[in-house]
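Assemble chain P onto chain V, guided by the hints.
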Amino acid sequence: MEDRARIDIISLLLYLSLVALGIASVYSATSEQGAFTLLDGRSGKQLMWFGVSFFLGAIIFLLNANFFEIFSWYFYILLMLMLVAVLLVGSEIAGSRSWIKIGSFSLQPAEFAKYGTAFAVSAYLSRIDVSLENRKDLLRIAGIIFLPMALIVLQGDAGSALVFLSFILVLYREGLTPLVLVLGISAIFIFILTLYFGIVAFSIAVLVGLVVFYAFTFTNKKALVPSIAIATIVILFSFSVQFIFKNILQEHQQKRILVTLNLLEDKKGAGYNVDQAKIAIGSGGLTGKGFLNGSHTKGDFIPEQTTDFIFCTIGEEGGWMWSSITVSLFVLFILRLFYLARRAKKRFKRIFIYSIASVIFFHLTINVGMTIGLMPVIGIPLPLISYGGSSVLAFSVFIFTALRLDASRNQDLNSIYS
Amino acid sequence: MLDDKYTRIAEKISLRKQTIYPQRGLIFDRNKKLVVYNEPVYDLMLSVPIKLKDIDTSSFCSLLDITRAEFDKRLETSKARAYQGKSVFKKNIPNRLYAQIQERLFEFKGFFFEIRQDRNYKYNSSAHVLGYLGEVNKSDLVSQEENYYEQGDFIGKKGVESFYETNLRGLKGERYYYVDKFGVNKGLYRDGKLDVEPQDGNNLILTIDIDLQEFGEKLLSNKMGSIVAIEPKTGEILALISSPYYNPANFNIQNRSKYYGRALQDPTKPIYNRAVSAPYPPGSTFKPLMALIGLQDGAITAETHFGCPGYYRLGNRIIRCHPHSFSTSLERSIASSCNTYYCNTFKNFMQNEKYKSSEEAYNSWKSYLESFGIGHKLDIDVSGEFGGWLKDASFYDKMHGKDRWNYARIISLSFGQGELGFTPMQMANVASSIANRGFYFTPHVLKQIEGLDTIPARYLVKHNTKVAPQHFDAVIAGMFAVTQSGTAAGSTIKGINIAGKTGTVQNPHGKNHSAYMAFAPIEDPKIAIAVVVEEAGYGASWAAPMAHLIIERYLMPETVPTTKKYLEERMINANLIPEKYRSFRDSLYHGR
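First to last, the protein sequences are chains V and P.
Heads up, the first sequence is in the working numbering, so the first residue is 1 and it goes up one at a time.
Heads up, the second sequence is in the working numbering, so the first residue is 1 and it goes up one at a time.
Watch out, some of these pointers could steer you wrong.
[What the hints assert, rightly or not] Subject to a maximum C-alpha distance of 27 angstroms in a straight line, what follows is the list of computed DSS-like cross-link-like pairs (lysine-lysine):
| hint | chain 1 | residue 1 | chain 2 | residue 2 |
| --- | --- | --- | --- | --- |
| 1 | V | K278 | P | K181 |
| 2 | P | K5 | V | K278 |
| 3 | V | K267 | P | K91 |
| 4 | P | K580 | P | K565 |
| 5 | P | K79 | V | K268 |
| 6 | P | K17 | V | K278 |
| 7 | V | K267 | P | K186 |
Hints in this document: simulated from the structure, not taken from any laboratory.
Here chain P stands alone, though its shape is the one from the complex:
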């Protein structure tokens, strides 16, 4: 009987497979500006079994700028990590050194180079969206379906690189060589009959507007917070910023080891993608949504007025409101952010006779929110997405006892406090749903894969909210009033009708978070936006001006730099990083 055991052993010894890495797909922004491209990295490899002969070790060491002891240590490590007839001696050799060594490689029998494609970036921007590459790890290797990856391969680890890995990576090529006992190349195996040419990956076009993105990053520099801007008609994400951010080039294969540890130590968490991962109570930005639910469910009508004495009395408790005129219409309640109006609305909703219990009423309220994408993941193509907080009724059963709670226990939900958490992405999606008057498309950053006609089907599905379109006009009128005569009037942009809602989010750990959601123009919404600036104070003072500046930049690029130069400078120059973090950050980045 014929057995190919020895053939396999012989091939293991005398054949070396060289992997030819394809060009990974390039990444462009929505205006076809190149954002991500490839840069070769060179790995100095050792042929296994390792039999170094007649190598001038001292000149080799001086070429690589390592000591003899380090050489021996690397040799030992290489021996231990040998895999498929080869082992990495030194990774990521810089381009110039590569040329020098390559020239003299014939003197160093047993060494050879492998070229792989690392990423580099045209803009110091969008790191959280783009993600980064990394070497495949054990779980990648175990879980892969088509057995494509080998140890040492790069794979998209985060962001777009990870979501569209199969499109971007292309197909690896293979070249087979004979080697002698020193690992020296002895020519192509079977004249290259088994060789496979690599196929380059598909280029991606993102929905991101890289200029808008950079501008947003500038606004958020030295601040902790996020900006998410969406095109309501399509769900395309125009900008997604989480600050502090990092330079994507620092996280590529060559540099990551240098920067990753530092980024992990930073208490302001630059790696954390606040825009999709951080849940904030929406605060007053929740009020338009509460109004819409009240209108749809019959708790209020567009004409409902409530009197506000400056507080809402609940038994012997008082919920404070801001100073504004006593009688409050729906429009003014949004414009002046009246808490009392929404306490009343929520009470009406919860005590509606059609609900037999508080639990049933609460579940109804919850299902309205869920239809706006609250309380669950939206299934976007950005890494780190979190679903936010929206409790089940059972949570309150546990807290207060079954049937032992009513609206009064959870009244703070009516103005966006309490057990409620929206990510900035969800907040922007709510703004987008209001702009569309009752529906949204799942937000996404992929506009097109070059060479393919379609984007994933889930981004083309229209999600209708449970609020009918006719209820939106009254709420939008209120949101318009916010930017005209209400809380955000101070930073309004002439010539654009913006609907917005400020929020000041109570923060038990420090200063309040400044929040704002908006869309514009009202007549034909082209951008919906949510801004959160942590520990910054009123929504009107930071989040709203930033959102307005971004809207202006996007809708009226001809006015660039801006009609509000002073505002822009104030935003950019402000350092809102809490004092407690500053000295540590300074020593981390500027210390020795």
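Excised from the complex, chain V in its bound form:
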């Protein structure tokens, strides 16, 4: 009895609800483009991919839980090889070379790379001789994460690469110093403030801040040197912002950031997508225009509405109500995954489940943020909702693996890890 795999029903139900919501949304977004029933067009394909996912899920549940831990590194290596392969033989779609054609289907290895990376991170961190306080281990773990990022950036898909930053959250849960998060967030703030006010104004503000700070704490001599040092670093970093912005980011990325910060109005170019998305969601009102009744959705005004901008369909046709339900389902799902992670008795399992939760969290924040104009447009899908075989398959397999690991937690009673 105890050693039988028991799938977490709550997670499964949340997963299925999101899947159902996704198929309905894809159907609605394509119903005017010749899809007369759920089984036609993109919603039909999406259904098929979920079918495949369940099949793979069943296989995953037939496998022994230890299988994953043992084969972790092989998964990682296999997927890194695929990322390399895609650079060599991939076909180019929409400016990025990130697809491998297999028969009539195209696979996007970058979506699966997260899965592989999660294995590697979990496997490495769960080794008994590894500690995040050890600089060498930290560098190795960074290497594990940055390798796929770099390969994906080379493909020209910066958005998908950014997703790997979600592993920082995992590391933080596993004892990484919060300083990394604080520094990261501070860097983003300095970045935004510099773009907003210009280097000169920003630097003066920092210096004034320093003087004011010193005036209040001049008795505390110890604080003086570090605060001067921090101010200097901040100003230096802000000087580098201009360089990063102009020389490292591509032009369309620069524009997207400027549009998000309201520094650039370009409703017909860079800002068109977000503007239309905001209009669609905004016009949905409290309860929406009704399923299949979204005028913006029907009129195909929003590019990429089945994929990256699928949230617009929910926002327009379901209004604030269904948008909230969708986000709530995601939040509940993420919280449930965190719960599953915490009750895991093996470190490998815990880290792996944290990984999937963090990746979903990251996708959710960025994707919903960009459709309502809070984030710059970064082309990553809304998990389980957005149309796309690779994304559906990768997330499903990822989730099923996590659930498989959780299902066998009782076998780990005697484990020496906690």
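This is chain P only, laid out in the frame that chain V set:
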């Protein structure tokens, strides 16, 4: 807080309101003959924002018969003039082309049609009365009260179309569609719950007799002038002709751009509605009115005679008269149009002891005229009405100095010359007032609005003149003598007792204007008429025969074509357009 800003923006983008134009009311003449009806015009529209995709431009251009450059130009104009999610690409597509394009419209994403109602006409007649439609302009849009009109709508601009616009137009319907980013129709918005069915306009029945109108236009062809005929008992306008005239169909929405410019260039001014806009000195047609004022005010009695040596002496000035017998009665003064008689009458009037000054006397005289509808607008429902000329006493004060003028200075007013101007409409209204023996109803062209019981109240008010009924018989006897043994005896109609008065109006710019006013039959007046033919000569030679022919046509339709075939032919065939205008007109209408 909920804000519907984005809802509104979204609707602006993805909803298209299609206006369903109602049938505009039809217009009939007094005998229920259809005069004006509707004809659809098709406007090729572009959905905005304009995103043309996969359009076979060359086949589209060849279908519309335009060049690629013209296509691009129209596209630019359409972009600039976008309004409420749509823009006109090409207006007034002919019916056949409409069918061809409509068939292939699915190939041209972003284009669609809007159907509006233009006017067409059963008769090449009555343009000045009927008026025309036009697109609403900025001031129409700004001044409208109930926010009914939108850019591109048609509105009555002139004539009946304009006066009864609210009755004729009906109510527009609305249909709401979803459109996609190419402007392609995606079905009814909310299953048509917000749609409004159009309501057709009310039909109008006019007082105009379209046959009489056409006949009058025939008489005035190749002439400059007007005919106004009124039914005295009601003030209903039976015919209102201003010549030269234009074909109303040339001024409808589809054709106006082709013809309007030419009509504006024509020196004989076909657009100008002479019948209500042009003031002419009444000339001798004024004499019956002067006699009535003299009778009422005590300047003369029905038995007063004045001697006429062939002139009226005023100090060292002489006012010439025509040859007629020396002693002149009131009746003969009208029949033979004696100037001397009216100079004397006017002198008696102005020097009446009850008036303390010339100014007071003049003001009294003026108020008599005003009671006949002279010197001010009558408030008729025909466009372009002018009030005529009737000066205040202050005008003469300014000219001659306060209290430094008397009857002698203004004596020519007594026989209808000088600072006096009647429109043909006013002249006909005077004839109508005399026929009624002292009152008139404001002339109007509206007989009935179908579906409504009443016509505007102002057309039902009886206006009494300041001359009492008993004074009219003597004057009417004189006017009867005009057609029996007087100046208009040559064209009198057997079997109808017509009272008339000729006038030859001095014209400083060319030949005299020929004028005539009349009513008939005397026993029971059914028609009062005024005719003015510009630069034609004596009243007796053109205006009187025309008036008589119209009276005959109206009162004795059984004698049609006419008892006076030769007279009718002479009238119709005469070309009285002044030489100075002819060659220019020829090149305007018949040149390349």
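Please work out if K5 (chain P) and K278 (chain V) have their alpha carbons no farther apart than 27 angstroms. holds (11 angstroms)
Hinted pair K267 (chain V) and K186 (chain P), Cα distance within 27 angstroms: Holds. K267 (chain V) to K186 (chain P) sits at ~24 angstroms (cutoff 27 angstroms).
Please work out if K267 (chain V) and K91 (chain P) have their alpha carbons no farther apart than 27 angstroms. With a Cα-Cα distance of about 31 angstroms, the restraint between K267 (chain V) and K91 (chain P) is violated, given a limit of 27 angstroms.
If you draw a straight line from the CA of K278 (chain V) to the CA of K181 (chain P), is it 27 angstroms or shorter? holds (16 angstroms)
Checking one constraint from the list: CA of K79 (chain P) to CA of K268 (chain V), max 27 angstroms. Satisfied? holds (15 angstroms)
For the pair supplied as a hint, K17 (chain P) and K278 (chain V), is the alpha-carbon distance within the 27 angstroms limit? Cα-Cα ~23 angstroms, so holds.
Quick one, are K580 (chain P) and K565 (chain P) close enough, alpha carbons at most 27 angstroms? Between K580 (chain P) and K565 (chain P) the Cα gap is close to 30 angstroms, so the pair fails against 27 angstroms, i.e. violated.
In summary, the structure is inconsistent with hints 3, 4 from the numbered list given earlier, while agreeing with the others.
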